[in-house]
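Here are the chains, one letter per residue:
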Amino acid sequence: MTFPIKEKGHRHRVVFKRRRMPGTNPPSSSASASSTLDRALSSDPQDLHQQPGFVIEELPSGDEGLDFLSGGLGHPVAMATSAAMIPDLFTTPPCIRDPLNTGTSQLQDETIQECLPYLSGAEYGLEYNAQGVPHLDRKRHIPFLHKSLRNLPAPYVVADASRPWMFYWALTGLYAMGEDITQYRDRLISTVRPIQNATGGFGGGNGQMSHLAPTYAITLSLAMVGGEEALDLIDRKAMWKWLGALKQSNGAFQMSIGGEEDVRGAYCAVVLISILGLPLELSPESPSWSPEHTTLLSGLPEWVAKCQTFEGGISGKPDAESHGAYAFCALACLCILGDPRAIIPKYLDVPRLISWLSARQYAPEGGFAGRTNKLVDGCYSHWVGGCWPLLEACLEGPSPSHSSSESYSIKKPALEALGRSLYSREGLIRYILCCCQDETKRGGLRDKPSHNSDSYHTCYVLAGLSSAQHKWHFNATGNPMEAGLTRSSAYQWTSEKVVEDSQIYDEEDRVRTLHPVFVIPEGAAEEARAHFSSKEAF
Amino acid sequence: MAPKAPKAPKAQPKAPDPPEEYPTISAKLQAEYLASRPYQVLKDTKGLSNLSASEKAAYANYRFLETGVWKTWGAAQQKEFLKTVETQKIPTPLPLPRDLGRDNKGREIASYTPEGFAQFRKKERQLSGLRRESARFRERREKARRKQKGRGIEDSEGEIEDERNRRKFIGVLQGKKMGIYEGDPRWDDVVPIPQDDGEGALAAIAYSDEYAEAMGYLRAVMAAKEHSPRVLDLTEHIISMNAAHYTVWLYRASTLFALEYPIDKELSWVNEVALENQKNYQIWHHRQLLIDTLYPTISSDPTAIHALETSERDFMTQMFDQDAKNYHVWSYRQYLVRKLNLFNTTELQSIEVLLRSDVRNNSAWSHRFFVVFSDPAYCTPGSAATAHDPRIPADIADREIGFAKAATFEAPQNQSPWNYIRGVLRKAGRELASLEAFAEEFVKLPSESGEGEDVRSSHALDFLADVWAEKDETAKADTALRLLGDKYDRIRRNYWEWRRGLLDAGVEGKMKGLSVEDVS
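Quick note, the sequences are listed as chains A and B, same order. Those letters in the first sequence? Residues 1 to 538, per this note's numbering, in order. Those letters in the second sequence? Residues 1001 to 1520, per this note's numbering, in order.
Keep in mind that the hints were calculated from the coordinates and are not lab data. The reader is advised that the hints may include incorrect statements.
Said to hold, decoys possible - Straight-line Cα separation of at most 30 angstroms, DSBU-like style, residue types lysine-lysine; simulated pairs:
no., chain 1, residue 1, chain 2, residue 2
1, B, K1476, B, K1444
2, A, K317, B, K1405
3, B, K1071, B, K1122
4, B, K1028, B, K1056
5, B, K1265, B, K1176
6, A, K317, B, K1265
7, B, K1123, B, K1028
8, B, K1487, A, K471
9, A, K317, B, K1339
10, A, K241, B, K1225
11, B, K1123, B, K1225
12, A, K237, A, K317
13, B, K1105, B, K1056
14, B, K1089, B, K1105
15, B, K1056, A, K237
16, A, K241, A, K535
17, B, K1105, B, K1043
18, B, K1071, B, K1089
Claimed, not checked - From the derived model, a few chain A residues whose C-beta atoms are all more than 12 angstroms from chain B:
no., residue
19, A130
20, S298
21, S322
22, S358
23, A359
24, S424
25, E526
Virtual Cβ for every residue (Gly too), placed ideally from N, Cα, C.
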């Protein structure tokens, strides 16, 4: 049941005023892969200069006192009341706040002020349910994604090298919202055919060099729409050779020949190897081939391990800063290489990783940020949110090895007691449904209220929502160490709905499941894998 | 009257043309058409039976003219006929005006005014003249090229410039600007490859003509594996329209190296592009490729290295002025530190500047950790970031702990220095408990009666929970974790509860032991 409570907005003493902030757009905290798109996809270039800002009252300056110790006191904004059914966790600023003001705290304060009206049921134009949560506005988001696959105007030229992502984001998002995506099969096939290079892999468009990101996006899109014609258009033999050329002697993969090497490369490459059932053997033509380095996977998990930082999170490449998007890539990569219960603790410091990952969730926003001291952003609903099922699987189930049997068997009941999750599903769902939905006719999902929706955010916010609404199980078969060798562990996941007595969203707002490793419809990767494994070696 | 008759009516239809009187060229042509057939008009208006004999005779002769029958007659007969036509002043009938078609803007040419049409015709004549000249130019160049197998066609700059202007003029005359490359004689030898978009392509982008043309030429030079100075111009042009185009960047890099183009020149160009494209990935990888190429040439020259170090640092400072957490700039910086061996105090100081302006800049903290704990002077090569490195000197660890502590006092709820402290302790192989007293500066647990609780940092509380777990002071650890879940960091309640569960089982320490061992 739904009833609008927006009329009650006047009860709040929220003092925020929208104003233009000339030239001071908050730097986007989204993964950079998306940021050019952020700009490209904002329909109106003027928007960049019209992000709402919030005037924040002067901080009580002067003595450090103990003001900052007491929740809300001395904080720029006091929420007087909020709808009874919304926990105050989501309607009040954090209870500890340092008085020292810096660029970071300024942006963080502004973001809280930006989100609070949405979270506390006070945003005009949104209809909240009894729990203070708006419905998922499918009737606007679905056309938004369909539209993103139609002809695009000239300013999208900046997306010319990442157009295949548009296919993947739209198809994934549409599927999550219940659409039949096979309607796009024929057009997808004729669209991607000229993008494949005879030397293996796909580029960003016709005549562009092959690159792992578009190759990943296209391969998964083809797997999603399914069918022999779609799957068989991929030249697996050429792909295998090309992957060999991308493989580096340190274990990593370059994104394109001569391109950068990072954790995305590791993840994209193993997704391709796994789904397409490619031989692991490294072509001797590969520049990285040596007697000690004979497979596409040689040294790969060891290289991924080097990306864990002192903070516990994962960086894009060794020496860099922990970042949510790379954390997902690293974990998903490992979960393709082996049984999560064995391989994750083998290569990563799990307690530090969990600590770091958990600290990415903020209140009152409820959503995830990508890095320490950065802002919440809807896309991390997937990049950070999507790490949880993989880590939870790592902590659950029977022991993966002798040495740690004791510790792992003990953890199971603890997780069970927590509603079987390590993060706040409620927080994430509130952030997504309250703050990430574009409430205008435009539709689509977004980073945060001050940002325009785009198909990247629409896809990954929905993926995060799906993950928060479902529980994934890793169905262990036999010895976890063996599972790793057969590389079948990525196909042993099943899901169930998370049903709670105090569910904050209505059942109609539950979206479909996406595979926790491949992030495409549950079952699609399995079918593609079966299709290719029935083929003779090339 | 009869013989003179034809003259009189003839003069009438072909009255002096006042051009203004015709609103359009088609009206004018139609009028001229009729004016060349006075006897047809006469017959149509009066009817054949009402014509005088001489008019009838003139009409008959006109018909002979119109049909061309007279050409089948004998020579003598023809001669006589033409003479009659002349004396009767029968004009030669003009052909029916043909459809003039449309101009390049889609307008019916028939709707032009007569003088507009005259101008149009004049332009067309000019155009075809220019096109002929241009075609001759191309042919000549093509021949020369074939003779010289592609390289070095020796045309004078003047000639090329003339041709360039000619094409510009053609563009103006045809009312449709010629593409940049189409209009540039230097590109005549390249046949652009249009984009194959497949049928009914999804998310097809409506490229500007400029972008579409440039990409057509890029596909062509890439197919021909051409690495020449003009490729640098072409890639620069495309990058100015779409800086996120990895193919263009990679192809530009390979061209630079093939041409042994001066790296410093390229670096300063890249600086401009980077400042305009803050979030761009490709630029930083490109820069890395440049440094990789430059470095071997200066590696034995400390002055050159130092100059590079300084200019790179200055440039990054400029970038950080706009966004001090730009992930790509920081990643590049980590690369540069390793490449140029910048594990030095200047590097640390430049990070401190950033931290002084924003102590919450986690990217700066993260970089500091890398610089301090990867320094080959005293670190174990390849030691994992989360692993104990026994070679870390105690004074370095002390210094870093001191640095982070000071920052913590500035803003106790800032997570960055807390993470940093944990990192340092792990690296140095020290117990968390060694900083128990420090963390307790920010935390007072409530007494049994529930009084005196004072928590100024949830991170301190988290830290202490681990300290107390380490020391087997389980009850205190449990209180800390409960406070976190219930009060100070409620959004992470499940996590804190899970930690409590580990505490009960006493496995936390073991788990840590396990992972550290396995990683190192």
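Structure-based check of all given hints:
Using a Cα cut-off of 30 angstroms, the hinted pair B:K1476 and B:K1444 holds, with the two alpha carbons roughly 11 angstroms apart. The hinted pair formed by A:K317 and B:K1405 meets the criterion: a straight-line CA distance of about 28 angstroms does not exceed 30 angstroms. Taking the CA atoms of B:K1071 and B:K1122, the gap is about 35 angstroms. The hint is violated against a cut of 30 angstroms. For a cut-off of 30 angstroms, the pair hint linking B:K1028 to B:K1056 stands: about 27 angstroms separates their Cα positions.
Restraint check for B:K1265 and B:K1176: not satisfied, since their Cα atoms lie roughly 36 angstroms apart, outside the 30 angstroms limit. A threshold of 30 angstroms between alpha carbons decides the hint, and for A:K317 with B:K1265 the separation of about 28 angstroms falls inside it, so the pair holds. Of the pairs offered as hints, the one joining B:K1123 and B:K1028 holds, with about 20 angstroms between alpha carbons and a cut-off of 30 angstroms not exceeded. Distance check on the hinted pair: B:K1487 and A:K471 sit about 27 angstroms apart at the alpha-carbon level, within 30 angstroms; holds.
Proximity of A:K317 to B:K1339 is assessed by CA-CA distance (about 15 angstroms); at most 30 angstroms being required, the pair is judged to hold. Of the pairs offered as hints, the one joining A:K241 and B:K1225 holds, with about 21 angstroms between alpha carbons and a cut-off of 30 angstroms not exceeded. Restraint check for B:K1123 and B:K1225: the C-alpha separation of about 40 angstroms exceeds 30 angstroms, so the hint is violated. Between A:K237 and A:K317, the direct Cα distance comes to roughly 28 angstroms. Compliance with the 30 angstroms bound is thereby established for this hinted pair.
Note on B:K1105 and B:K1056: the hinted pairing is violated, with a Cα-Cα distance of about 47 angstroms set against a maximum of 30 angstroms. With a C-alpha separation of about 42 angstroms, the suggested pairing of B:K1089 with B:K1105 is violated against the 30 angstroms cut-off. Distance hint between B:K1056 and A:K237 is unfulfilled; the C-alpha atoms sit about 88 angstroms from each other, more than 30 angstroms. Using a Cα cut-off of 30 angstroms, the hinted pair A:K241 and A:K535 holds, with the two alpha carbons roughly 18 angstroms apart.
Note on B:K1105 and B:K1043: the hinted pairing is violated, with a Cα-Cα distance of about 41 angstroms set against a maximum of 30 angstroms. The suggested pairing of B:K1071 with B:K1089 holds, with an alpha-carbon distance near 19 angstroms, which does not exceed 30 angstroms. Residue placement check: A:A130 keeps its beta carbon more than 12 angstroms from all beta carbons of chain B (closest about 22 angstroms). Separation of A:S298 from chain B is adequate, the least Cβ-Cβ distance of about 17 angstroms exceeding the 12 angstroms criterion.
Listed as a non-interface residue, A:S322 fails to keep its Cβ farther than 12 angstroms from every Cβ of chain B; the least gap is roughly 7 angstroms. With a minimum CB-CB distance of about 4 angstroms to chain B, A:S358 fails to clear the 12 angstroms threshold, and the non-interface call is violated. Interface exclusion of A:A359 from chain B breaks down, the closest Cβ pair being 6 angstroms apart, not more than 12 angstroms. Against chain B, the non-interface label of A:S424 is violated: not every CB pair exceeds 12 angstroms, the least being about 5 angstroms.
With a cut of 12 angstroms on Cβ distances, A:E526 stays outside the contact zone with chain B, its closest approach being about 25 angstroms.
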